[in-house]
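Colleague: Going line by line, the protein sequences match chains G and W. With the first letter of the first sequence counted as 1, position 96 gets the number 79 in the numbering used here; the numbers rise by one all the way through. Take any residue in the second sequence, count from 1 to its spot, add 232: that is its number in the numbering used here.
These are calculated hints, taken from the structure and not from any lab test. Among the clues, some could well be false.
Okay, derived cross-link-like pairs now, DSBU-like style, lysine-lysine, Cα gap no bigger than 35 Å in a straight line [claimed, not checked]:
| id | chain 1 | residue 1 | chain 2 | residue 2 |
| --- | --- | --- | --- | --- |
| 1 | W | K273 | G | K20 |
| 2 | W | K296 | G | K54 |
| 3 | G | K25 | W | K298 |
| 4 | G | K25 | W | K287 |
| 5 | W | K296 | G | K40 |
Taking CB as the label site, the calculated pair distances span [to be verified]:
| id | chain 1 | residue 1 | chain 2 | residue 2 | range |
| --- | --- | --- | --- | --- | --- |
| 6 | W | V235 | G | V37 | 33 to 43 Å |
| 7 | W | L258 | G | S(-8) | 15 to 25 Å |
| 8 | G | N36 | W | T249 | 47 to 57 Å |
| 9 | G | S1 | W | H239 | 34 to 44 Å |
| 10 | G | E66 | W | L258 | 24 to 34 Å |
| 11 | W | E319 | G | E66 | 27 to 37 Å |
| 12 | G | S(-5) | W | D297 | 41 to 51 Å |
| 13 | W | L306 | G | D0 | 16 to 26 Å |
What you are looking at is a predicted structure, and each value in this text was computed from that prediction instead of being measured. Backbone N, C-alpha and C fix where the C-beta goes; we use that ideal spot for every residue, glycine too.
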Amino acid sequence: GENVEQHPSTLSVQEGDSAVIKCTYSDSASNYFPWYKQELGKGPQLIIDIRSNVGEKKDQRIAVTLNKTAKHFSLHITETQPEDSAVYFCAASTNAGKSTFGDGTTLTVKP
Amino acid sequence: GAVVSQHPSWVICKSGTSVKIECRSLDFQATTMFWYRQFPKQSLMLMATSNEGSKATYEQGVEKDKFLINHASLTLSTLTVTSAHPEDSSFYICSARRSGGNTEAFFGQGTRLTVV
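So that you can see chain W by itself, here it is in the shape it has in the complex (with noise of 0.2 Å):
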């Protein structure tokens, strides 16, 4: 089966650092990656669609200037969170769509992220 994987799965940081979160496809090539966030006990939202060469499509409502995504190949992308805050802290999820496959996505195990 196809598997991502997603690194670190948990970090902390202090206050106004910036933390990166990777997301890679192991065994597929994934045009499109998809970045969520998921606070407690509630579901998943979507933060943006990463392509692979291109610029990333953010959600309504999420700052592209704090959560930079870069997806440089189509193996790996990556989400920064920026000077981050407390209110930051949260559970990350990528998910990634094989290239030229059908709607399936495949999703990493989780960064949860804690700011101090």
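Next up, chain G with everything else stripped away, as it sits in the complex (with noise of 0.2 Å):
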């Protein structure tokens, strides 16, 4: 089956400063890779998302870049704020829907 993996696991960053999280997967049958921002309590929110035939997208401070040959993508966030203090999570679906989650990112920004 897939295998996620993220990195770091944790991550602390200075207000203004920029965020990057990576994720590996597996299975190269995998083509949809979406971002969710997960808030204590409360169920995770699609952030972003992009496609396999897709190498990058971008939405606003959020963006996301896609390296299908070397099974890897990565969550980039710049201008950080408190506000995006949460934990992170990357996923990769087939065409099934079902997704495989990665471990989590616990995202800090501090004032």
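Mind docking these for me? Both chains are given alone in their own frames, and the hints should help you get the complex.
Modeller: Encoded structure:
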């Protein structure tokens, strides 16, 4: 089955700095890669996603890059703000829609 | 955007009783829904895939007789935790995939189950 590895497990940055979270996956059949933000006591919220036919996608301060050959994808958050503090999960999905999640990254943005 | 609602958001039950959790897609039809379990400070682990009108597909190690899933309509799937025990206490989260859509799945807000 699919195996998704996510690094780092914790990340602390100063407000205004950039944050980068990286994930690797094992199943070459995976073709959809969403990123979720989860706040304490709540379900995951989709913040950005990318499909295997695209190398990069950007939405304001958030960007995701995908290297399908190397089977890795990354989340980039620029100009971080305290409200960006949360747990971030990457996931890899196939056409069946079933997602395999990374272990999560706890991001802390210090004001 | 697509909205998925879970009910209840939290529940406390006595050991040995059963608890039902509902997952509804409010503004779209969902042929497929997924149920996940998340223990504190851990990732989401897929429990089962729920398909409208057919039996659910359970992941390895998940007891189908303990975690009953029913997907009776295109907007509702239910997860019933039968004979709950304290070790079943967890955060249960559903997601729904739009019928005929791509692989994007939308998540509910989760249900915190505490078995005492």
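Colleague: Are the hints correct? Go through all of them and say.
Modeller: Now the hints, each set against the structure:
1. W:K273 - G:K20: Given pair K273 of chain W, K20 of chain G holds - Cα atoms ~14 Å apart, limit 35 Å.
2. W:K296 - G:K54: holds, 33 Å
3. G:K25 - W:K298: holds, 25 Å
4. G:K25 - W:K287: Measuring from Cα to Cα gives roughly 28 Å; hence the hint holds.
5. W:K296 - G:K40: The hint is violated at about 39 Å.
6. W:V235 - G:V37: 33 to 43 Å: violated, 26 Å
7. W:L258 - G:S(-8): 15 to 25 Å: Distance hint for L258 of chain W, S(-8) of chain G is violated at roughly 34 Å.
8. G:N36 - W:T249: 47 to 57 Å: At roughly 49 Å between Cβ atoms, T249 of chain W and N36 of chain G fall inside 47 to 57 Å, so the hint holds.
9. G:S1 - W:H239: 34 to 44 Å: Distance hint for S1 of chain G, H239 of chain W holds at roughly 39 Å.
10. G:E66 - W:L258: 24 to 34 Å: Holds - the Cβ-Cβ distance for E66 of chain G and L258 of chain W, about 26 Å, lies within 24 to 34 Å.
11. W:E319 - G:E66: 27 to 37 Å: holds, 35 Å
12. G:S(-5) - W:D297: 41 to 51 Å: holds, 44 Å
13. W:L306 - G:D0: 16 to 26 Å: violated, 45 Å
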